[in-house]
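2 protein chains.
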Amino acid sequence: MDYRKELLYQKIARDIEAQILSGTLKLGDKLPSVRALKNVYKVSINTVKQAFLTLEAESMIESKPRTGFYVSKTSQRRLDLPSVGRLQAGNQEAQPLDLIDKVFNTLKDRSITQFSLGVPAPSMLPIATLNKGIVNVLKRLPDGGTAYDAPQGSLALRRTLAKWSLDNGGPYTEDDFVITTGAMNAIYNCLLAVTKPGDTIAIETPVYFGTIQIAQSLGLKVLEIPSHPITGIDLSALEKVLTKINVCCFTTNFSNPMGSLMPEESKKKLVEMLTEANIPLIEDDLYGNLYFGKERPKPCKYFDKEGIVMWCSSVSKTLAPGYRVGWVVAGKFKEKIIRQKLLQMISTPVLYQEVVADFMEHGRFDFHLRTLRNTLRYNCRHYQDAIADYFPANTKISQPQGGFVLWLELDERLDTEKIFDKAIKYNISFAPGRMFTLEDRYTNCMRLNYALEWSDKLRFDLKILGQLVKDEVNALNKGSEFG
Amino acid sequence: MDYRKELLYQKIARDIEAQILSGTLKLGDKLPSVRALKNVYKVSINTVKQAFLTLEAESMIESKPRTGFYVSKTSQRRLDLPSVGRLQAGNQEAQPLDLIDKVFNTLKDRSITQFSLGVPAPSMLPIATLNKGIVNVLKRLPDGGTAYDAPQGSLALRRTLAKWSLDNGGPYTEDDFVITTGAMNAIYNCLLAVTKPGDTIAIETPVYFGTIQIAQSLGLKVLEIPSHPITGIDLSALEKVLTKINVCCFTTNFSNPMGSLMPEESKKKLVEMLTEANIPLIEDDLYGNLYFGKERPKPCKYFDKEGIVMWCSSVSKTLAPGYRVGWVVAGKFKEKIIRQKLLQMISTPVLYQEVVADFMEHGRFDFHLRTLRNTLRYNCRHYQDAIADYFPANTKISQPQGGFVLWLELDERLDTEKIFDKAIKYNISFAPGRMFTLEDRYTNCMRLNYALEWSDKLRFDLKILGQLVKDEVNALNKGSEFG
Numbered sequence: 006m007d008y009r010k011e012l013l014y015q016k017i018a019r020d021i022e023a024q025i026l027s028g029t030l031k032l033g034d035k036l037p038s039v040r041a042l043k044n045v046y047k048v049s050i051n052t053v054k055q056a057f058l059t060l061e062a063e064s065m066i067e068s069k070p071r072t073g074f075y076v077s078k079t080s081q082r083r084l085d086l087p088s089v090g091r092l093q094a095g096n097q098e099a100q101p102l103d104l105i106d107k108v109f110n111t112l113k114d115r116s117i118t119q120f121s122l123g124v125p126a127p128s129m130l131p132i133a134t135l136n137k138g139i140v141n142v143l144k145r146l147p148d149g150g151t152a153y154d155a156p157q158g159s160l161a162l163r164r165t166l167a168k169w170s171l172d173n174g175g176p177y178t179e180d181d182f183v184i185t186t187g188a189m190n191a192i193y194n195c196l197l198a199v200t201k202p203g204d205t206i207a208i209e210t211p212v213y214f215g216t217i218q219i220a221q222s223l224g225l226k227v228l229e230i231p232s233h234p235i236t237g238i239d240l241s242a243l244e245k246v247l248t249k250i251n252v253c254c255f256t257t258n259f260s261n262p263m264g265s266l267m268p269e270e271s272k273k274k275l276v277e278m279l280t281e282a283n284i285p286l287i288e289d290d291l292y293g294n295l296y297f298g299k300e301r302p303k304p305c306k307y308f309d310k311e312g313i314v315m316w317c318s319s320v321s322k323t324l325a326p327g328y329r330v331g332w333v334v335a336g337k338f339k340e341k342i343i344r345q346k347l348l349q350m351i352s353t354p355v356l357y358q359e360v361v362a363d364f365m366e367h368g369r370f371d372f373h374l375r376t377l378r379n380t381l382r383y384n385c386r387h388y389q390d391a392i393a394d395y396f397p398a399n400t401k402i403s404q405p406q407g408g409f410v411l412w413l414e415l416d417e418r419l420d421t422e423k424i425f426d427k428a429i430k431y432n433i434s435f436a437p438g439r440m441f442t443l444e445d446r447y448t449n450c451m452r453l454n455y456a457l458e459w460s461d462k463l464r465f466d467l468k469i470l471g472q473l474v475k476d477e478v479n480a481l482n483k484g485s486e487f488g
Numbered sequence: 006m007d008y009r010k011e012l013l014y015q016k017i018a019r020d021i022e023a024q025i026l027s028g029t030l031k032l033g034d035k036l037p038s039v040r041a042l043k044n045v046y047k048v049s050i051n052t053v054k055q056a057f058l059t060l061e062a063e064s065m066i067e068s069k070p071r072t073g074f075y076v077s078k079t080s081q082r083r084l085d086l087p088s089v090g091r092l093q094a095g096n097q098e099a100q101p102l103d104l105i106d107k108v109f110n111t112l113k114d115r116s117i118t119q120f121s122l123g124v125p126a127p128s129m130l131p132i133a134t135l136n137k138g139i140v141n142v143l144k145r146l147p148d149g150g151t152a153y154d155a156p157q158g159s160l161a162l163r164r165t166l167a168k169w170s171l172d173n174g175g176p177y178t179e180d181d182f183v184i185t186t187g188a189m190n191a192i193y194n195c196l197l198a199v200t201k202p203g204d205t206i207a208i209e210t211p212v213y214f215g216t217i218q219i220a221q222s223l224g225l226k227v228l229e230i231p232s233h234p235i236t237g238i239d240l241s242a243l244e245k246v247l248t249k250i251n252v253c254c255f256t257t258n259f260s261n262p263m264g265s266l267m268p269e270e271s272k273k274k275l276v277e278m279l280t281e282a283n284i285p286l287i288e289d290d291l292y293g294n295l296y297f298g299k300e301r302p303k304p305c306k307y308f309d310k311e312g313i314v315m316w317c318s319s320v321s322k323t324l325a326p327g328y329r330v331g332w333v334v335a336g337k338f339k340e341k342i343i344r345q346k347l348l349q350m351i352s353t354p355v356l357y358q359e360v361v362a363d364f365m366e367h368g369r370f371d372f373h374l375r376t377l378r379n380t381l382r383y384n385c386r387h388y389q390d391a392i393a394d395y396f397p398a399n400t401k402i403s404q405p406q407g408g409f410v411l412w413l414e415l416d417e418r419l420d421t422e423k424i425f426d427k428a429i430k431y432n433i434s435f436a437p438g439r440m441f442t443l444e445d446r447y448t449n450c451m452r453l454n455y456a457l458e459w460s461d462k463l464r465f466d467l468k469i470l471g472q473l474v475k476d477e478v479n480a481l482n483k484g485s486e487f488g
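Line order of the protein sequences matches chains A and B.
Under this note's numbering, think of the first position of the first sequence as 6, with each following residue one higher.
Under this note's numbering, think of the first position of the second sequence as 6, with each following residue one higher.
In short, the hints are calculated from the structure, not lab data.
Careful: at least some of the hints might be erroneous.
Copies of the same chain are indistinguishable here, so a pair counts whether it falls within one copy or spans any two.
Here are the simulated lysine-lysine pairs, BS3-like style, with alpha carbons at most 27 Å apart [claimed, not checked]:
#, residue 1, residue 2
1, K69, K245
2, K226, K201
3, K337, K303
4, K341, K226
5, K423, K43
All chains should be built: construct the whole structure from the sequences, respecting the hints.
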């Protein structure tokens, strides 16, 4: 495939999409002709047609025979955004461990539609290429990887990451990276390096439950900071509690479960605020490469002058969760983290590190990411359409700008754990909202993974899920009529 | 190779060796004839000859032309055993981190003779077979290992370990094992599960410095319990401080650096004592398969009725340190350890786990271990002979009954860190004794790894090392003459 050509039609499609989303092009407007765009972009007719076909496949535009393309009805349909959670520290309930276990236990069953999954479906991962990479790397690996690796991690991988960081928040050198057993392990070690039991950690809300579990296992108090579905962490809310906190851990690019993206200005301000208060920031940037916009968003690390930001990521959301290859650029905490890793496990296995390095070289990673991002963007729109079609009209839905999870807020009387118990009987699993907080809230929310192969079956499963929600609402309404 | 035949000649060699070591056969005694032994053991003449050749290669016996085999002079030569360390809690100094770093930094340089190494030399590992295993396992692994493994670890590996445990301390089921990132990671998680900062841990002395580092990183106070070079932990010393300690961590089979082996009776008594006091025991059994005796020694876990023993091991000392595959049978602490692993790293990479399982099946592991044990036993004797030849006569030396490290105690005025600095100029590295304690002691000791390919070069390096020690002693003697 010609990389450049692919990029051009995507760029054109994105430009048109941006005009539709911003309202410049409105419902029913006719798009410029193929010939006109060909001249504007100085590309072939086929490239413009390809852009139109992409937008049509995403239901953004529709063709009318013999007249051209028009902005479609679907493109305009929008459910409301979910609400912003309140700052509610103090009255903390326990983590819903039984609920988390219940959802986890469904993950191994391949007959279940895994809307609850936290990683892309295997069909979206470049498994055959990675397997070839294992065989190739094995041939050149001294001692076949039986020897301990350097505690800091494979030099080949750290070099590759350093090169890649040039365009993505760096530039950093191979010496700045420490390889970890996935991003979770990076976060665990960052927290271990900068906190002591009794300290307070600030996280966004709703938040990935794993972060809460790590924090609690280290004896930390958790403060859930309100986060906007589009722009992420509410900086003024954070500022109010700044004197109470010892460390922050935020997913600045496409938070999980909300999909929010902090604007660059907010990131810069956040880093300045924390630098002044001398509070370390653990930046969980594991979704950063799965952006739907024009370019990879910068991490907070980009604005970090004093080395207070620990920039964590991994290949778990893009290549191979099972490889357990993650890393951190840990600023002034680097040496401490290397020493912790040394005594916890000496080193990480070298083979997978070198396979990832091999994959990242020669443009394979970029190509894979481009394909994956397109698929996710396309899937996201299909989910949003299906949910608008099949769920109650008062359903609120996130507008992720990257990543692969959607957050739904339903009628406030609903309990999504009850809906989960019903859905699982239809072989459908999702992540109930209560999992994503320590407080008694989000019980009417759910998280859906859209990194699953889009199909009629998947649409039908969303229809069933929507129907289960509607049934529940009807039952409640009937109950209140008779009550 | 015929497994059974190999076993027979080894058994005969061991029987004769035992008679020599116990003094039944003395210096100059003539051994029974080949024909006589052939009838006793009901084996072929070649099998008996093979046994004699083995003993001759180990310098235990020597042949005299036309008369037969005799107990050799070498077999009788013995340096004294090292002293037993005293109980010295309270006046703890810091760990010698600079020294440890200095020694670690020499490990990557392949031009240096690595007497300091903590693992077998690559030439002793079955690398080609393991590499083939990787390619084979990859073919049948669903998703090529890109999916998360179960937090408890690969079912295939846990099943294989359960089968193997039948003869080795078990029987346990696949459900009893938790896979970890090497034995260090198992110990880290065991300590995390049963201690809180400020607690006290009892360890043997001298002890592997990694254990001290883990304990200190968790905020534990360390109590070094005297340990005998042959029989390990001094139970009466331990009993005296039992009320002060919260957890024990002992290497009961071939301790590092001393090579001691706790007798079965002591193990039983230790478990009873700790069960009654409700003190968990972390048993670091990573050398257990490298026994020089007739059979694999049982772990303390074998005597554990209440689930207080956490039995840890790995393949790092026998197959592939870099794979980072270890495990623990954690008794009543199992669930806690699985949960900790889940939040620290979700899972361990599945490929290496399955490769180890594959290797352990079909007798490959047993065969490899048998070969490795023979090589180590042979090397150990060569080292002991060379040290008796080249080191000062007052050198004390351990008599390891398994594993692959020797512990030397030199003239008490010597500082082995100074000797290290000189030896490294001759491209010789070893582990100075001060690394193996928190106290100010063992500064006149050193640990040598004998899992290196035996050769004239290696003998010559031991000669150089001995000469450096002698030079140091001479300089001190001269100093005191003039002082």
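Here is what the structure says about each hint:
1. In this assembly of identical chains, the alpha carbons of K69 and K245 never lie at most 27 Å apart, being 55 Å within a copy and 92 Å across copies at closest.
2. For the identical chains of this complex, K226 and K201 are neighbours both inside a copy (11 Å) and across copies (17 Å), given an alpha-carbon limit of 27 Å.
3. Only within a single protomer do K337 and K303 lie at most 27 Å apart by alpha-carbon distance; the minimum there is 20 Å, versus 47 Å between protomers.
4. Taking the shortest alpha-carbon separations for K341 and K226, both the intra-copy value of 23 Å and the inter-copy value of 20 Å come in at or below 27 Å.
5. Neither within a single protomer nor between protomers do K423 and K43 lie at most 27 Å apart by alpha-carbon distance, with minima of 53 Å and 77 Å respectively.
Hints 1 and 5, counting from the list given before, are not met by this structure.
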